[in-house]
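Enquirer: Residue 8 is where the sequence shown starts when you use our numbering, and the numbers rise one by one after that.
Note that these hints are calculated values from the structure, not bench results. Hints should not be assumed to be uniformly reliable.
What the hints assert, rightly or not - So the derived label-pair ranges between C-beta atoms look like this:
#, residue 1, residue 2, range
1, Ile57, Lys24, 30 to 36 Å
2, Leu48, Gly16, 16 to 22 Å
3, Met22, Val58, 33 to 39 Å
4, Asp56, Glu29, 37 to 43 Å
All C-beta atoms, glycine included, are put in the ideal place defined by N, C-alpha and C.
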Amino acid sequence: FMGANTYIGNAPNFMVKAIAEEADIKMPSFFGYMAWSVAFLVPLFFLVDIVVVKLKLMDPLLGF
8 FMGANTYIGN APNFMVKAIA EEADIKMPSF FGYMAWSVAF LVPLFFLVDI VVVKLKLMDP
68 LLGF
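Sequences and hints are given; from them, build the entire structure.
Expert: Dropping the structure here:
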């Protein structure tokens, strides 16, 4: 089942990329996207780790 889900899920991504490239909008390559995502997501993950795990702000909500 999951192979079919990932195959079907790629269609909208390719459609958006094709529409953007047809409109002469520069789209990042795979490695360009990876660099962008690392630059933004890694600091976000560390911030979430500090807030949730280190400060234990989620304990009352989760019950542990």
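Enquirer: If a hint holds in the structure, say so; if it doesn't, say that too.
Expert: So, going through the hints one by one against the coordinates:
{"no.": "1", "hint": "Ile57 x Lys24: 30 to 36 Å", "verdict": "holds, 35 Å"}
{"no.": "2", "hint": "Leu48 x Gly16: 16 to 22 Å", "verdict": "holds, 20 Å"}
{"no.": "3", "hint": "Met22 x Val58: 33 to 39 Å", "verdict": "holds, 36 Å"}
{"no.": "4", "hint": "Asp56 x Glu29: 37 to 43 Å", "verdict": "holds, 41 Å"}
Checked against the numbered hints above, the structure breaks none of them.
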